[in-house]
Amino acid sequence: MKLKHSLFTRREFLNGLLGGWLGALLASFLYPVIKFVFPPTREPDQVILPFADFRDMSPGSVKNFLWGTKPGILKKKDDGSYMAFVGVCTHLDCNVSYLEDQRKFFCACHDGWYDENGLNIGGPPPRPLRRLFLSIEGEDLIIKREGGERAEDQ
Amino acid sequence: MKTGIQSWLDERFGLSIITKFLKEKTVPQHKHSIWYYTGSAILLFFTIQIITGFMLVFYYKPTPEGANESVARIMTEVPLGWIIRSVHSWSASFMIAFVFIHLLSPWLSKSYRKPRELTWMSGVFLLVFSLLSGFTGYLLPWDDLSLSATKVGTDIPRSIPLVGVWVTKFLRGGEDVTGDTLTRFFGFHVSIIPVFMFILLAVHIYLIQKQGMSLPLSAEAKKEKVREIPFWPNFVYREMIVWLLLLGILFSLAIFFPPSLEKAAELMAPAPEGIKPEWYFLFLFQTLKIFPAKIFFLPGDTLAVLLILLAGILFFSLPLIDNKPAERKGKIITIIALVLIVYAVVMTVWSLL
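Which chain is which? The protein sequence lines are F and R, in order. One rule links them: number in my numbering = place in the first sequence (from 1) + 293. One rule links them: number in my numbering = place in the second sequence (from 1) + 2.
It is worth saying that the hints were derived from the structure and are not from the lab. Please note that a few of the clues may not be correct.
Claimed, not checked - Below, in silico cross-link-like pairs of lysine-lysine (PhoX-like), each with a Cα-Cα straight-line distance of 25 Å or less:
hint : chain 1 : residue 1 : chain 2 : residue 2
1    : R       : Lys333    : R       : Lys116
2    : R       : Lys278    : R       : Lys265
3    : R       : Lys33     : R       : Lys22
4    : F       : Lys437    : R       : Lys224
5    : R       : Lys116    : F       : Lys363
6    : F       : Lys363    : F       : Lys297
7    : F       : Lys397    : R       : Lys278
8    : F       : Lys397    : R       : Lys296
9    : R       : Lys212    : F       : Lys363
10   : R       : Lys278    : R       : Lys33
11   : R       : Lys33     : F       : Lys397
12   : R       : Lys171    : F       : Lys328
13   : R       : Lys171    : F       : Lys363
14   : R       : Lys278    : F       : Lys363
15   : R       : Lys265    : F       : Lys356
Claimed, not checked - Between beta-carbon pairs, the in silico distance windows are:
hint : chain 1 : residue 1 : chain 2 : residue 2 : range
16   : R       : Phe60     : F       : Ser374    : 52 to 58 Å
17   : R       : Phe259    : F       : Ser374    : 50 to 56 Å
18   : R       : Phe298    : F       : Arg424    : 22 to 28 Å
19   : F       : Asn308    : R       : Gln213    : 32 to 38 Å
Every residue gets a Cβ at the ideal spot worked out from N, C-alpha and C, and that includes glycine.
So that you can see chain R by itself, here it is in the shape it has in the complex (with noise of 0.2 Å):
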């Protein structure tokens, strides 16, 4: 039954469209089904972050004089602060842990072959601006490790030919880290990247219902049809499930685990020991730390740099190269994908070690 005001508002909006929409789509049910859940789980997390943020830029300081002492001020003496810091940036993994889990169910189960190859290129960019985020997230407390981070990230693309000079320059606001890098790291991270993401995430989602859930390849080759539950309320039911689950985690980590704080950042002294960047940049760091200095005549940073960004936009391009999903050459690139996950987090625990 329709209220008054419901159909006052559908004369004018038209949301009936969407409601109905929502109504019949269904959800497939099969043994890989479990994928289907990891896209919320993001949606989620990022809702999270976008709250907490909100609730973090009250108090904090955007400044290299005020950063470091707002973030203290945040952990100890803001009513419930250190809990909502702690709440982002533990939702900041596990956003970007999901991530990683999301791209893994197309990448393996193929659902990126047409037509859904702009849906993989657009979680793509989700994923780069994910990563974007926790990077000049990582910078704000601006204490002594998230200071050589942040120089080491930004002097990455430095040796990509012709450009890189430029992205260092524009990304650290001059030629240095400095008080300037800070604002525009807060800027970026505040402001910048979640209106690109907002763009992204509805072009993204808008195309997964255009299309509804991709079958793997399995289930379609199959004759008989796959049984199917509706998406509302059935599986939003299970979602939820899922999410309460997740945050109870999330919290208890959040709760007993809060993050550090080092002493401010001081733009001139040496690099503390035993720097890292956040766990997913971690398989990228030792990567940069085992290239040597000279490999033949070329310079081992430009050669490590240039290879990450070839490997990056290979697998941006990824549903162009594996358009025989079926065939010998999906298998290899299968294989490729798994010898990679293997890399990432052997390279992952060496770092640790």
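Chain F extracted, bound-state conformation (with noise of 0.2 Å):
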């Protein structure tokens, strides 16, 4: 039945409504579904690390720490000062290793090279290796992903 001045008739009305209840039900259920399949991962804001581990590096060496669920690299530099670096191919993901004898970052997944500053210069990565930025307070190594200054003189 369709009133003279209506849109719809009551059954299209009706339908509408109970397929939207519906749809808001399934909604409601579908949520915490989803909720659930994504944990919650973040990574951290900064990691603190003892300086009495890293002290004796000697320069041109590199040390790794846990960056989360990712390794983090730190790289002495020739002057002394450090370096810190997400230790994560930025093309697929692979964790790098650094090449001590030719200075540079190399990725065995597929064959992606970056200097011993992280600059992407071979293969297949798009980007830099991520930097993070570190400082030196008293006997601790502080990790952070950003804000302060890269901090490469300490």
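Fit the two chains together into the complex; they arrive one by one in their own frames, and the hints show the way.
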């Protein structure tokens, strides 16, 4: 039945109401399912490491640390300052290694190369390695995601 | 003659509809009928996967601490464990090889033409799930190689605009490949993927029974009737000969070339050199490897992934695109198919060099 000035019949109206309600019900079931499937993993804002572990590194060498669920790489430069990277290739996420004799970072998965400052110089990597920010406060080596100086002269 | 139990069951299930159908089913005989045997070969390997999979699950531990060790235990301590794993691993390769062969037949003989479009499409989904099954299974031994391969494989969808990041997160169970990924892949491998495959197989096989075997265009064009043999028992017996042959090859390979097991994966260790995915992903692997970092202004990996995705969508909708198989368009599509096959083979060989 349709009233004279109505845009839709009573049945259409009720079907729409029911359909909308069912849709909303389904959405309210799907929401927790989707929430459940994606676990909350955030990369850390900072990690604090005992500086004593890294003080005696020889210049030009690297040492690994844990950056959340990724490997971090701390590199001591020739002038004694430090740089920190996320040691993950920017191409397809493999862990990179540092070849000390060649002074390059290398990703074995697809033959990707970075220079000693993490700049992509060969193979498929589209971007330089991600730099992290580091500072030394007392006995602590603090490595941060962002903010602060990219304190290379510490 | 029906026994008492048979007629008792039939009264309740009504199974005589199916047995009557199978008795009357025929299979055409022509020079291309060898393709008809590829489907049941896949079913054979799928069944082996399920049985050996059930067995492996009795000993396998899907945790980062236990996985590698439990596979090592299956290989060394469990009575005949090594051969069960070896058969599972080889049968996976055989199954996927036959899936590739099986999909060439409707592609080259155009049997996906009306009304068999949905048979093709359900088949493409089965292909995707077979590949996913192989991909998720590859991680389960949890060694260096499988970890790196999984990192790369799960990072590939990231380049898809909008949804990519979420797909990667969904597959990994977080930002990175961790122990959570292993648990999740185990779940995909042993329950989620098989359930979908069973449903798709039911649809696929139903459609084939509903529509009967397709004839190649050349056989269809001839006026005289094509010779047919009964499905039961003539065709089934011939299939069984093929199965016995394949089983012989499978077990021989499984006994003489069991799969290796590297040392347990370390999440923070650099990727080992010479990582390779399973052979059926090599052509994609090589494609990704040769794409430069930048093409014009676009990042190369994004472009490669988008191209692969586009190719997948075109492949899925092939019956709709190739709607005039006997005409020029159909012939061009056949040539493209042949070019793509050559491309896949060349890329695979190149990546092995």
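Given the hinted pair Lys278 of chain R and Lys265 of chain R, is their Cα-Cα distance within 25 Å? With Cα atoms ~16 Å apart, Lys278 of chain R and Lys265 of chain R stay inside 25 Å; holds.
Going straight from one Cα to the other, do Lys116 of chain R and Lys363 of chain F come out at no more than 25 Å? Violated: Lys116 of chain R and Lys363 of chain F sit about 51 Å apart, past 25 Å.
Pairwise hint evaluation, Lys363 of chain F against Lys212 of chain R, where the allowed Cα distance is 25 Å at most: Violated, at roughly 53 Å.
Holds or violated: Lys278 of chain R to Lys33 of chain R, with C-alpha atoms at most 25 Å apart: Cα-Cα ~39 Å, so violated.
Just to be careful, I want the Cα atoms of Lys171 of chain R and Lys328 of chain F compared with a cutoff of 25 Å; is the pair within it? holds, 12 Å
Mind checking the alpha carbons of Lys397 of chain F and Lys296 of chain R for me, to see if they're no more than 25 Å apart? holds, 21 Å
Agreement of Lys397 of chain F and Lys278 of chain R with the hint, judged by alpha carbon distance not exceeding 25 Å: holds, 23 Å
Is 50 to 56 Å respected by the C-beta to C-beta distance linking Phe259 of chain R and Ser374 of chain F? The hinted range 50 to 56 Å holds for Phe259 of chain R and Ser374 of chain F, with Cβ atoms some 52 Å apart.
Pairwise hint evaluation, Lys116 of chain R against Lys333 of chain R, where the allowed Cα distance is 25 Å at most: Satisfied, since the Cα-Cα distance of roughly 17 Å is no more than 25 Å.
Taking 22 to 28 Å as the hint, is the beta-carbon distance of Phe298 of chain R and Arg424 of chain F inside that range? Taking Cβ atoms as reference, Phe298 of chain R and Arg424 of chain F lie about 27 Å apart, which means the hint holds.
Regarding the pair Lys171 of chain R and Lys363 of chain F, is the alpha-carbon distance no greater than 25 Å? Holds - the C-alpha atoms of Lys363 of chain F and Lys171 of chain R are around 15 Å apart, at most 25 Å.
Please work out if Lys437 of chain F and Lys224 of chain R have their alpha carbons no farther apart than 25 Å. violated, 75 Å
Going through the hint list in order, the structure does not satisfy hints 3, 4, 5, 6, 9, 10, 11.
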